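Q: Use these hints to put chain Z onto chain V, whose structure you have.
Protein sequences appear in the order of chains V and Z. The numbering used here numbers the first residue of the first sequence as 526 and each following residue consecutively. The numbering used here numbers the first residue of the second sequence as 526 and each following residue consecutively.
Take these hints with a grain of salt, some might be off.
Calculated cross-link-like contacts (lysine-lysine; reagent style DSS-like; alpha-carbon spacing at most 27 angstroms) [stated by the list, open to error]: (1) Z:LYS825 - Z:LYS574; (2) V:LYS627 - Z:LYS619; (3) V:LYS664 - V:LYS577; (4) V:LYS627 - Z:LYS616; (5) Z:LYS680 - Z:LYS765; (6) Z:LYS627 - V:LYS627; (7) Z:LYS627 - V:LYS664; (8) Z:LYS737 - V:LYS627; (9) V:LYS619 - Z:LYS616; (10) Z:LYS627 - V:LYS616; (11) Z:LYS765 - Z:LYS527; (12) Z:LYS627 - V:LYS737; (13) V:LYS616 - Z:LYS616; (14) Z:LYS627 - V:LYS619; (15) Z:LYS619 - V:LYS619; (16) Z:LYS627 - V:LYS765; (17) Z:LYS636 - V:LYS765; (18) Z:LYS619 - V:LYS616; (19) V:LYS654 - V:LYS680; (20) Z:LYS765 - V:LYS627; (21) Z:LYS737 - Z:LYS765; (22) Z:LYS664 - V:LYS627; (23) Z:LYS700 - Z:LYS677.
Residues from chain V that face chain Z, not an exhaustive set, calculated with beta carbons under 7 angstroms [unchecked claim]: (24) ALA536; (25) LEU624; (26) LEU628; (27) SER634; (28) SER644; (29) GLU648; (30) VAL667.
None of these hints come from the bench; they were simulated from the model. The structure displayed is predicted, hence computed values, not measured ones. For glycine and all other residues, C-beta sits at the position ideal for the given N, C-alpha and C.
Given next are the chains, with one letter for each unit.
2 protein chains.
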Amino acid sequence: MKLHILGCYSATPRTISQTTSQILEMNNEMYLIDCGEGTQVQLRRHKIKFTKISHIFISHLHGDHFYGLVGLISTFSLLNRVNDLHIYGPKGIKEIILLQLKLSNSYTSYKLFFHELISPDSEIIFEDKKVTVTTIPLKHRVYTNGFLFEQKPGKRKLNLTACEKYGIEVCYFNKIKDGGDIKLENGHILSNDLLSYDPDPTPSYAFCSDTKYSEDIVPIIKNAYVLYHESTFLEKDIDKCEHTMHSTAKQAAKIAQLANVKHLILGHYSTRYGDINLFRDEAIEIFENTYLAEDGKTFKF
Amino acid sequence: MKLHILGCYSATPRTISQTTSQILEMNNEMYLIDCGEGTQVQLRRHKIKFTKISHIFISHLHGDHFYGLVGLISTFSLLNRVNDLHIYGPKGIKEIILLQLKLSNSYTSYKLFFHELISPDSEIIFEDKKVTVTTIPLKHRVYTNGFLFEQKPGKRKLNLTACEKYGIEVCYFNKIKDGGDIKLENGHILSNDLLSYDPDPTPSYAFCSDTKYSEDIVPIIKNAYVLYHESTFLEKDIDKCEHTMHSTAKQAAKIAQLANVKHLILGHYSTRYGDINLFRDEAIEIFENTYLAEDGKTFKF
Chain V
526 MKLHILGCYS
536 ATPRTISQTT
546 SQILEMNNEM
556 YLIDCGEGTQ
566 VQLRRHKIKF
576 TKISHIFISH
586 LHGDHFYGLV
596 GLISTFSLLN
606 RVNDLHIYGP
616 KGIKEIILLQ
626 LKLSNSYTSY
636 KLFFHELISP
646 DSEIIFEDKK
656 VTVTTIPLKH
666 RVYTNGFLFE
676 QKPGKRKLNL
686 TACEKYGIEV
696 CYFNKIKDGG
706 DIKLENGHIL
716 SNDLLSYDPD
726 PTPSYAFCSD
736 TKYSEDIVPI
746 IKNAYVLYHE
756 STFLEKDIDK
766 CEHTMHSTAK
776 QAAKIAQLAN
786 VKHLILGHYS
796 TRYGDINLFR
806 DEAIEIFENT
816 YLAEDGKTFK
826 F
Chain Z
526 MKLHILGCYS
536 ATPRTISQTT
546 SQILEMNNEM
556 YLIDCGEGTQ
566 VQLRRHKIKF
576 TKISHIFISH
586 LHGDHFYGLV
596 GLISTFSLLN
606 RVNDLHIYGP
616 KGIKEIILLQ
626 LKLSNSYTSY
636 KLFFHELISP
646 DSEIIFEDKK
656 VTVTTIPLKH
666 RVYTNGFLFE
676 QKPGKRKLNL
686 TACEKYGIEV
696 CYFNKIKDGG
706 DIKLENGHIL
716 SNDLLSYDPD
726 PTPSYAFCSD
736 TKYSEDIVPI
746 IKNAYVLYHE
756 STFLEKDIDK
766 CEHTMHSTAK
776 QAAKIAQLAN
786 VKHLILGHYS
796 TRYGDINLFR
806 DEAIEIFENT
816 YLAEDGKTFK
826 F
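Just chain V, with the same shape it has in the complex:
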């Protein structure tokens, strides 16, 4: 699992700070999460083969999370894309995009599917053989979802020593990997756990931005391998959180701790602070495995 941070600052793009956008690589698929203005240039800058993106997830309709979407959609057409593109985001996103394509007389060279979200509850919005994506309802000034990406567990791992001991033939190995029990010729049944080990743990990634502090998300992101949680402010500015519906670094760390995640990545920084290390310094007192998102940085887990 790789996470490419294309932009991780709040509010507005600047020369040295980009608004929210990231690429999650999972199982050789590339998922684009949020798409602030300038995302397509960031994708080029960091040499990401962005034509491979087939699924785009938009958390909410504030400009710093989606103003780059229509440009990316148009550029795909200019590149003569033929593969389907799926957009997941709040209701209204389809109207915004289609209105602009219509008025510019620029329909796409490929099929564009919108999956508009309206539910206040967590729901599975994407699933294929290997990955499930579930919404994480967030508390922000407009309807907002985070997204939990979970890789499905692989097959069970053969316990070759046990198979040999019980004289299991090779033709049964796939059945064992799939979790099946084995009936011996004498009628005795060997339960699967005698013949196999649990599969390798699978990575999961929870993206939570933008949101005020909310413990309601804890059950959904429980035990996630990586949590990206917004930290727009430092604790000394916590008074700004209620009105703007954002979080502090300390609050992000509390959520990471409560949810028992393995790693926490902070981002969506306000540019009022000169040094983003202040965010990590604050969070690490509560949650040790805290990392800082930075524009252009790639995390490998």
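A: Positioned in the frame of chain V, the structure of chain Z alone reads:
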């Protein structure tokens, strides 16, 4: 008159080439012409005090000319702008912007006025004491206007020698500068041209992008001081012009010559050519005073 080129390439923004946007400074006013994705970052990069912009002119609704507009409008709000902002552009632009502001629950902190254009004919769309802006109907794949910015002539200049000779008192000087004749005490009338000179010539700027070759624009831009004319292609690719409704550098030069402008600036280059000097080389054979737009370049006239 200053012209800041923020972006001058066609199609899609890249790491080293920005789409169309420029700032015209005329009489201490800043006019923004077109606003491709990333324009607000270009304004910051080139240290332009963009909060001074009060009038934005959008030629047409192709993404490379306006996808940065909604972001700029939002950023003005984040900067707590209070001054009115006027947007001039094709019908539909208001719906696109207001829909996005509505769905993001982000109304502006200032008054936003839309002046939607529908006329196929040239018309004056802006006028104040010092400047007039007239549309230049262009021929492109969607409804498109260029814009002619004309500074109004200043007052006439006193011919002090003549005034002394005829014994004109100082209290009449303003009347003479305003073009009035003077009646002497003996009843004799001195016509204004005896007492004053023509005012300094005033600059004018004609922005023409995007368009296929069209001599219809020549009467409108006749004798303009500076013409910016798109040159998406070189003459060797003229076959691409008909379908895409763009021009070659040679065609831009022909228009400059026919319109008898003083200076020609080329831009809206396709990125297929490695070296933009090829555009100048082609145009200069027909029109000598040809210059190349470059992202970040400032022309002073």
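Q: Indicate, hint by hint, whether the structure satisfies it.
A: Quick rundown of the hints versus the structure:
no. : hint                : result
1   : Z:LYS825 - Z:LYS574 : holds, 17 angstroms
2   : V:LYS627 - Z:LYS619 : holds, 14 angstroms
3   : V:LYS664 - V:LYS577 : violated, 32 angstroms
4   : V:LYS627 - Z:LYS616 : holds, 12 angstroms
5   : Z:LYS680 - Z:LYS765 : violated, 48 angstroms
6   : Z:LYS627 - V:LYS627 : holds, 19 angstroms
7   : Z:LYS627 - V:LYS664 : holds, 19 angstroms
8   : Z:LYS737 - V:LYS627 : holds, 22 angstroms
9   : V:LYS619 - Z:LYS616 : holds, 20 angstroms
10  : Z:LYS627 - V:LYS616 : holds, 12 angstroms
11  : Z:LYS765 - Z:LYS527 : violated, 33 angstroms
12  : Z:LYS627 - V:LYS737 : holds, 22 angstroms
13  : V:LYS616 - Z:LYS616 : holds, 25 angstroms
14  : Z:LYS627 - V:LYS619 : holds, 14 angstroms
15  : Z:LYS619 - V:LYS619 : holds, 18 angstroms
16  : Z:LYS627 - V:LYS765 : holds, 23 angstroms
17  : Z:LYS636 - V:LYS765 : holds, 26 angstroms
18  : Z:LYS619 - V:LYS616 : holds, 20 angstroms
19  : V:LYS654 - V:LYS680 : holds, 12 angstroms
20  : Z:LYS765 - V:LYS627 : holds, 23 angstroms
21  : Z:LYS737 - Z:LYS765 : holds, 10 angstroms
22  : Z:LYS664 - V:LYS627 : holds, 19 angstroms
23  : Z:LYS700 - Z:LYS677 : holds, 18 angstroms
24  : ALA536              : holds, 6 angstroms
25  : LEU624              : holds, 6 angstroms
26  : LEU628              : holds, 4 angstroms
27  : SER634              : violated, 14 angstroms
28  : SER644              : violated, 17 angstroms
29  : GLU648              : violated, 21 angstroms
30  : VAL667              : holds, 5 angstroms
In summary, the numbered hints that this structure violates are 3, 5, 11, 27, 28 and 29.
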